[in-house]
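Taking the hints into account, I'd like the entire structure generated from these sequences.
If you're matching them up, the sequences are chains A and B in order.
Per our numbering, the first sequence starts with residue 1, numbered consecutively.
Per our numbering, the second sequence starts with residue 618, numbered consecutively.
These are computed hints drawn from the structure, not numbers from a lab.
Virtual Cβ for every residue (Gly too), placed ideally from N, Cα, C.
Take these hints with a grain of salt, some might be off.
In silico DSS-like pairs for lysine-lysine, Cα to Cα no more than 30 Å straight-line [to be verified]:
#1 B:Lys636 <-> A:Lys440
#2 B:Lys779 <-> B:Lys802
#3 A:Lys360 <-> A:Lys447
#4 B:Lys726 <-> A:Lys440
Take a look, some chain B residues computed to stay more than 12 Å from chain A by CB distance [unchecked claim]:
#5 Thr624
#6 Glu645
#7 Ala657
#8 Pro694
#9 Arg740
#10 Arg755
#11 Glu765
Here are a few chain A residues that face chain B, going by a calculated C-beta distance under 10 Å [to be verified]:
#12 Ala95
#13 Leu97
#14 Ala98
#15 Ser386
#16 Asn403
#17 Gln408
#18 Arg409
#19 Gln413
#20 Asp417
#21 Ile424
#22 Glu437
#23 Val438
#24 Arg441
#25 Asp494
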Amino acid sequence: MSWVTIVWSATASACLTLAAIHFLVWSYRRTAWADLLFGLTSVAVAIYAVLELAMMRAETPEQFATALRWIHVPTWVIVVSLVGFVRLHLRAGRAWLAWSICALRTLALMLNFLVGQNLNYREVTALRHIPFLGESVSTGVGVSNPWMLVGQLSLLLFFVFTVDAAFTVWRRGDRRRALVTGGSIVFFVLTGIAQSVLVLWQIVDWPLTESFFYLGIVLAMGYEVSREALRAARLSDDLHESEARMTLASEAAGFGVWIWTIATNRVWGSEQWRRLLGFATDATVSLEEVLERIHPDDREKVRSEVRRAGETGADFTGEYRVMLPDGAVRWIAAQGRGYADPHGKPARTLGAVIDVTGRKESERQIEQQREQLVHLGRVMNLSELSGSLAHEMNQPLAIILTNAQAAQRLLAQQPPDLAEARDILADIVSEDERAGEVIKRLRGLLKSGETQLLPLSANDLVQDVLRITRSDLLERGIRVHVALDSSVPPVVGDRIQLQQVLLNLTLNAGEAMAANPPSDRHLTLATVHCDGTVRISVSDTGCGLPPDAERVFEPFHTTKKEGLGLGLSICRSIARAHNARLWAEPTVAAGIPSAAATTSCGATFHLDLPAAAEGKP
Amino acid sequence: MSATGGTVFLLDDEPGMLKALNRLLKAEGFTVRAFTSARAFVESYRQEVPSCLVLDVEMPELNGLELQQRLTSTENPLPVIFLTGRGDVPMSVNAMKAGAIDFLTKPVKDVDLLQAVRFALQRSAERHVVNSQVDSLRQRYSSLTPRECEVMALVVAGRLNKQIAAALGIVEHTVKVHRGRIMEKMSVNSLAELVRAAERLGRGNR
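Structure below.
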């Protein structure tokens, strides 16, 4: 076997091997276009090498011409693939040049098959045998084809294109890549052009050995593409390490981590995550199975949050309950984010969860204690009011009794006055309902229940409280002024608790004026709307506030003989729970427009509640 | 004293209560004038005989006890019955001291209320009789000359004619003539009657 056969066959098989590897890579990762183009180039170079060998071994001019004609097919593939490689892998090179090269090369391929025996020779007239690597090889002798210039022009353009691309990459700062890939392509293309010009225009006697130059390009490309693979491998190692670190950190912090891949609907979860949600270590889990673990009351909210995050790439946070297979309920705080694939399509949602059952439990206990304290305050208010409330109940009962006795007499008459008796019965019914109303209001205030936030009218609250305290205020000889702003928007709150605040303020006002002369006992209740805040004010003309008005809100601050001094501090806590502000100032400063602010200074309490958001009922 | 009438003034700020009391009293044949405010009552009040006032103590604006004081300080006081929803002791003592007929607590039994109303009306009628007698006595007394008044005062004081004559510096016969005129003008037949009339006048003038 000759050296020529060995070297050219080895070149072809090396290229084919490289092509096979990179085709395989591409078949796993369809987005790895560099691998596909590299594979195509390698195959084309292998074919090119085989055809070159055929030319060297040609025995007739026709055989030589045919091999040279077909060699332009792999050339086309090589040029187009390299242009693609530069554009896609190096992300450089001018588009118009790329298209011009492809167009010229395609034109050259067509001319190759249409004009003369091939692109290079109009006619190969004879073969000449020259010594090469210690043996005799064939080269063609004949009439050169001028159209050959088209092909060589395309190569020249390719040279310019690659130089320009290499400069772009260099300027971008990626000098290694510019030198190795760009530089080697430039070098081998330049030498290839030089050789083909010299050989094919029959200036020197030398066989066509272009495949060597192409092999050089393939090796440079192979180096570049393999570096990518190496980097991927290193990344994967790094990833493993960072995952291990991450797992360690999350386990130490008690975090569970999970990833939902949308395409496969699989949920991957860390050990801690599986423990928190009660999944076995090796169980495969779908999103539906995860959602089934979530408390039915929270499930739909979590489902829509996770989906929204996955679809829009938004963040989500939330606290929800999970129900474990053994029936235990756990509070989980979750946080996550959706991620898209490189094409912007939603791909996966990542999240972290932590067990907050303990915190939730203590929050619940604190809230329960607060509610108990608030209730206690209410019961204390009512015991202060018990005398006047009894009177309030007594009134309808007295009316009912008198009416019933009148009816007895009317019915005993001859003839009985039935029409009047009927009216009496109607009145009895309505008075009975009135008594029922009083009991209902009372029961509402005595009830201890969970805070219920509903839209309310501030004006109704004021009227409710006046109804409860009417009798008490009358007995105290207090003149009541009411200034309600009919345009106040609704507020959101717990009716009973807000009533309690106003009740407390009203009772305090009444007591503050006990020492005043009867003509100077004025209570003003007002509502006003200003910049999204609804203000309810209770002002008196009583003994006023201490120099530091805030002190009245401190627990156990009291001026009453039998008070605990908790009323206003409870009111403050109610206000805080409503995002409202409760504060006090002297009545004169508050500018209450009533007969009020005359001689004594008095106190005015303001409850500033945020108005309910627009559009809500 | 069944459906014999008399006027009952009702004053209560609670319309329901006012209506119920009105019905009860009307069923018993009384004439009822009902008011929800003290001002309305004072403005339209005209004396009627016999009449009484049933008054709610817990009224805004005008205190029930104040009104009672105003009504009892006139020459012909209107008997007042108090109704209260609360009825504390000090208030009832004050009311009784100020001459209230009764002090009743709501809810009130019909028999108690009616008994009190009847008693009040009776008191009103009696007072009226007494007052009209005093009025006519006063009229007669005013027809006496100044000298006759002087003589009458001494007669009633138990002086003898001789003593009166000496005291006034006139003859005894003139005293006798004056006495006869006085008995005639005062339309009394005996000295005892004259003394009683003088007593009543005296009380009325006090």
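A quick look at each hint next to the structure:
no.: 1; hint: B:Lys636 <-> A:Lys440; verdict: holds (26 Å)
no.: 2; hint: B:Lys779 <-> B:Lys802; verdict: holds (22 Å)
no.: 3; hint: A:Lys360 <-> A:Lys447; verdict: holds (25 Å)
no.: 4; hint: B:Lys726 <-> A:Lys440; verdict: holds (28 Å)
no.: 5; hint: Thr624; verdict: holds (18 Å)
no.: 6; hint: Glu645; verdict: violated (7 Å)
no.: 7; hint: Ala657; verdict: holds (19 Å)
no.: 8; hint: Pro694; verdict: holds (26 Å)
no.: 9; hint: Arg740; verdict: holds (23 Å)
no.: 10; hint: Arg755; verdict: holds (41 Å)
no.: 11; hint: Glu765; verdict: holds (54 Å)
no.: 12; hint: Ala95; verdict: violated (94 Å)
no.: 13; hint: Leu97; verdict: violated (100 Å)
no.: 14; hint: Ala98; verdict: violated (98 Å)
no.: 15; hint: Ser386; verdict: violated (12 Å)
no.: 16; hint: Asn403; verdict: holds (4 Å)
no.: 17; hint: Gln408; verdict: holds (8 Å)
no.: 18; hint: Arg409; verdict: holds (4 Å)
no.: 19; hint: Gln413; verdict: holds (7 Å)
no.: 20; hint: Asp417; verdict: holds (8 Å)
no.: 21; hint: Ile424; verdict: holds (7 Å)
no.: 22; hint: Glu437; verdict: violated (14 Å)
no.: 23; hint: Val438; verdict: violated (13 Å)
no.: 24; hint: Arg441; verdict: violated (18 Å)
no.: 25; hint: Asp494; verdict: violated (32 Å)
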